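The whole structure should be built from the sequences, with the hints applied where relevant.
Protein chains in written order, with the UniProt record's numbering: chain F, 1 to 259; chain L, 1 to 259.
Incorrect hints may appear among the rest.
No distinction is drawn between identical chains; accordingly, a pair holds when it is met within one copy or between any pair of copies.
[Claimed, not checked] Distance condition first, Cα-Cα at most 30 Å in a straight line; then the derived DSS-like pairs of lysine-lysine: (1) Lys203 x Lys250; (2) Lys108 x Lys215; (3) Lys251 x Lys96; (4) Lys164 x Lys203; (5) Lys203 x Lys215; (6) Lys96 x Lys250; (7) Lys40 x Lys203; (8) Lys164 x Lys96; (9) Lys96 x Lys215; (10) Lys108 x Lys96; (11) Lys215 x Lys164; (12) Lys250 x Lys108; (13) Lys40 x Lys108; (14) Lys227 x Lys250; (15) Lys164 x Lys250; (16) Lys203 x Lys108; (17) Lys227 x Lys251; (18) Lys164 x Lys108; (19) Lys96 x Lys227; (20) Lys215 x Lys227; (21) Lys215 x Lys250.
Think of the hints as simulated: they come from the structure by calculation, not from any bench. These numbers were taken from a predicted model, which means no experiment stands behind them.
Protein chains: 2
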Amino acid sequence: MYRPHAWIVNIGNELLIGRIANTNAAVIARELTLMGVIVKRIVVVGDYLDDIATTVREAVGSADIVVTTGGLGPTDDDITMEAVAAAINTPLVLNKAALEMIEAFYRKRGLQLTRERLKMAYLPLGAEPIPNPVGAAPGAYINYSGSHIVVLPGVPSEMEAMLKIALNRLAHILPELCVAEEGITIEGIPESSLAPLLRRASKLCSDCYIKSHPKGHEVENPIIDVKVTASAPDCDTARSKALAVLDYLKKLIQGENSA
Amino acid sequence: MYRPHAWIVNIGNELLIGRIANTNAAVIARELTLMGVIVKRIVVVGDYLDDIATTVREAVGSADIVVTTGGLGPTDDDITMEAVAAAINTPLVLNKAALEMIEAFYRKRGLQLTRERLKMAYLPLGAEPIPNPVGAAPGAYINYSGSHIVVLPGVPSEMEAMLKIALNRLAHILPELCVAEEGITIEGIPESSLAPLLRRASKLCSDCYIKSHPKGHEVENPIIDVKVTASAPDCDTARSKALAVLDYLKKLIQGENSA
Numbered sequence: 001m002y003r004p005h006a007w008i009v010n011i012g013n014e015l016l017i018g019r020i021a022n023t024n025a026a027v028i029a030r031e032l033t034l035m036g037v038i039v040k041r042i043v044v045v046g047d048y049l050d051d052i053a054t055t056v057r058e059a060v061g062s063a064d065i066v067v068t069t070g071g072l073g074p075t076d077d078d079i080t081m082e083a084v085a086a087a088i089n090t091p092l093v094l095n096k097a098a099l100e101m102i103e104a105f106y107r108k109r110g111l112q113l114t115r116e117r118l119k120m121a122y123l124p125l126g127a128e129p130i131p132n133p134v135g136a137a138p139g140a141y142i143n144y145s146g147s148h149i150v151v152l153p154g155v156p157s158e159m160e161a162m163l164k165i166a167l168n169r170l171a172h173i174l175p176e177l178c179v180a181e182e183g184i185t186i187e188g189i190p191e192s193s194l195a196p197l198l199r200r201a202s203k204l205c206s207d208c209y210i211k212s213h214p215k216g217h218e219v220e221n222p223i224i225d226v227k228v229t230a231s232a233p234d235c236d237t238a239r240s241k242a243l244a245v246l247d248y249l250k251k252l253i254q255g256e257n258s259a
Numbered sequence: 001m002y003r004p005h006a007w008i009v010n011i012g013n014e015l016l017i018g019r020i021a022n023t024n025a026a027v028i029a030r031e032l033t034l035m036g037v038i039v040k041r042i043v044v045v046g047d048y049l050d051d052i053a054t055t056v057r058e059a060v061g062s063a064d065i066v067v068t069t070g071g072l073g074p075t076d077d078d079i080t081m082e083a084v085a086a087a088i089n090t091p092l093v094l095n096k097a098a099l100e101m102i103e104a105f106y107r108k109r110g111l112q113l114t115r116e117r118l119k120m121a122y123l124p125l126g127a128e129p130i131p132n133p134v135g136a137a138p139g140a141y142i143n144y145s146g147s148h149i150v151v152l153p154g155v156p157s158e159m160e161a162m163l164k165i166a167l168n169r170l171a172h173i174l175p176e177l178c179v180a181e182e183g184i185t186i187e188g189i190p191e192s193s194l195a196p197l198l199r200r201a202s203k204l205c206s207d208c209y210i211k212s213h214p215k216g217h218e219v220e221n222p223i224i225d226v227k228v229t230a231s232a233p234d235c236d237t238a239r240s241k242a243l244a245v246l247d248y249l250k251k252l253i254q255g256e257n258s259a
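What follows is the structure in structure tokens.
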């Protein structure tokens, strides 16, 4: 079964100076993964037209789905729509549906459209605006040359509300696949001793992914979370596959301890 | 004054499936920024040799400083050293100093060197190991073709302890520059109304960077954090420059409100 590949592109200088951690990427990556998409890369760039356009162009050339966050607001450094348009060689145009959303937003609040507010109605030619249930700036969905580009704002509450809308819009290209994750915590075995057992357990299932996360110190107090991710057309099968790998791993550990 | 550019490359499937947020990148970005480095890009890739090597090669070609995290442990998917070696066309070799660190670590704990433990002593030819005060796997510092590559583990406590050592190692290329950040919170003005005032205030200082972060809703309850970052050879000057921009902005807001 083909699983679409995705890149996530997060735009904003606040991420590059470390003022905030990139929680948006984690939220989007988790949602995409649970829907059967393989996230291949996350790239953070600053509020610079060339950096954004270059990265979006590379993403569109590499992935089926590209999700961007940030740079949709009214200030001068909010230039994501312009950069996405440049990346796909498309003009930035006043989008009527986006204009209606923005007019309705400000009219309801008794405010005029200023130059800064009007700016948020400009989308790449051919884009569909994604309504923003929380703030003013619409997002955009663009189907370009076989790639699906989703442009979302950077404010987490807005991003999360619009991500749901965007994923519904992408439903037709998502695989009918359930991804299950099961885990165990193993105490008392250094990761370097667990490694050969993980290697053997991973051979049980070709659709499974096994990963160890050390939580304690390597030797004095080894605590290791082992997570197994498995995919299948239905969730019960996916879960069974993941649990089977963990059961086999437990047996290998018991065998090692009793040897 | 020339400020070195940096890329941060975070390696690990757990980031791409959204199990954890990339806090390592935020910590590294903040430390580098405070030392006068401009972080240009953060890239997250999975535990795949080609993806890591391609990204590190691109980073080395684009930045003065490349910091990687993750993939240094004893398991089979810990392949960062191999990928960095491939990226810079250098063989992976048993590093004597790294071997001594690892031997000492396990000897102290009464454990033998296994294949998995020995693996952590292989570094790209010419690399200097960075000692790990917390765990087993050393990091690496590599000076390659004018770029400075720092390879750190993914476990945050290990990464943070070793980042300090690595930044000392880089001290000779860091500018003598202090970066100051000052901020105010502005309530009651929508970001779209604040935008033209920010544009005017930003013209006061060419070394300053002004950024607005909406915290409340655009119109009902507008709360906006405005942060100004300024750099200068000494911290007092940097702070004064940032405060001057904020003072000017406050005057513009007062003028707007009384108009």
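Now the hints, each set against the structure:
1. Taking identical chains as interchangeable, the C-alpha atoms of lysine 203 and lysine 250 lie at most 30 Å apart only when both belong to the same chain, with a minimum of 14 Å there against 64 Å between chains.
2. Proximity of lysine 108 to lysine 215 under the C-alpha cut-off of 30 Å is restricted to the inter-copy arrangement: shortest distance 21 Å between copies versus 51 Å within a copy.
3. In this assembly of identical chains, lysine 251 and lysine 96 lie within 30 Å of each other by CA distance neither inside one copy nor across copies; the values are 63 Å within and 37 Å between.
4. Proximity of lysine 164 to lysine 203 under the C-alpha cut-off of 30 Å is found in neither arrangement, the shortest distances being 36 Å within a copy and 39 Å between copies.
5. For the identical chains of this complex, lysine 203 and lysine 215 are intra-copy neighbours only, at 25 Å inside a copy versus 48 Å across copies, given an alpha-carbon limit of 30 Å.
6. Taking identical chains as interchangeable, the C-alpha atoms of lysine 96 and lysine 250 are never at most 30 Å apart, the minima being 60 Å within one chain and 36 Å between chains.
7. Proximity of lysine 40 to lysine 203 under the C-alpha cut-off of 30 Å is restricted to the intra-copy arrangement: shortest distance 23 Å within a copy versus 40 Å between copies.
8. In this homomeric assembly, lysine 164 and lysine 96 come within 30 Å of each other (Cα to Cα) only inside a single copy, at 23 Å, whereas the closest approach across copies is 53 Å.
9. In this homomeric assembly, lysine 96 and lysine 215 come within 30 Å of each other (Cα to Cα) only across copies, at 28 Å, whereas the closest approach inside a single copy is 52 Å.
10. Within a single copy, lysine 108 and lysine 96 get their C-alpha atoms as close as 18 Å, which meets the 30 Å cut-off; across copies the closest is 70 Å, which misses it.
11. Within a single copy, lysine 215 and lysine 164 get their C-alpha atoms only as close as 33 Å, which misses the 30 Å cut-off; across copies the closest is 21 Å, which meets it.
12. Only between protomers do lysine 250 and lysine 108 lie at most 30 Å apart by alpha-carbon distance; the minimum there is 28 Å, versus 61 Å within a single protomer.
13. In this assembly of identical chains, lysine 40 and lysine 108 lie within 30 Å of each other by CA distance neither inside one copy nor across copies; the values are 41 Å within and 40 Å between.
14. In this assembly of identical chains, lysine 227 and lysine 250 lie within 30 Å of each other by CA distance solely inside one copy; the values are 13 Å within and 52 Å between copies.
15. For the homomeric pair lysine 164 and lysine 250, neither the shortest alpha-carbon distance inside one copy (38 Å) nor that between copies (38 Å) is at most 30 Å.
16. In this homomeric assembly, lysine 203 and lysine 108 never come within 30 Å of each other (Cα to Cα): the closest approach is 60 Å inside a single copy and 34 Å across copies.
17. For the identical chains of this complex, lysine 227 and lysine 251 are intra-copy neighbours only, at 16 Å inside a copy versus 55 Å across copies, given an alpha-carbon limit of 30 Å.
18. In the homo-oligomer, the alpha carbons of lysine 164 and lysine 108 lie at most 30 Å apart inside one protomer (25 Å), although the nearest pairing across protomers, at 52 Å, exceeds that limit.
19. Taking CA atoms no more than 30 Å apart as the test, lysine 96 paired with lysine 227 passes in neither setting, with 47 Å inside one copy and 34 Å between copies.
20. With identical chains, the CA atoms of lysine 215 and lysine 227 are at most 30 Å apart within one copy only, with a shortest distance of 13 Å there and 36 Å across copies.
21. In this assembly of identical chains, lysine 215 and lysine 250 lie within 30 Å of each other by CA distance solely inside one copy; the values are 19 Å within and 47 Å between copies.
Comparing the model with each numbered hint stated earlier shows that hints 3, 4, 6, 13, 15, 16, 19 do not hold.
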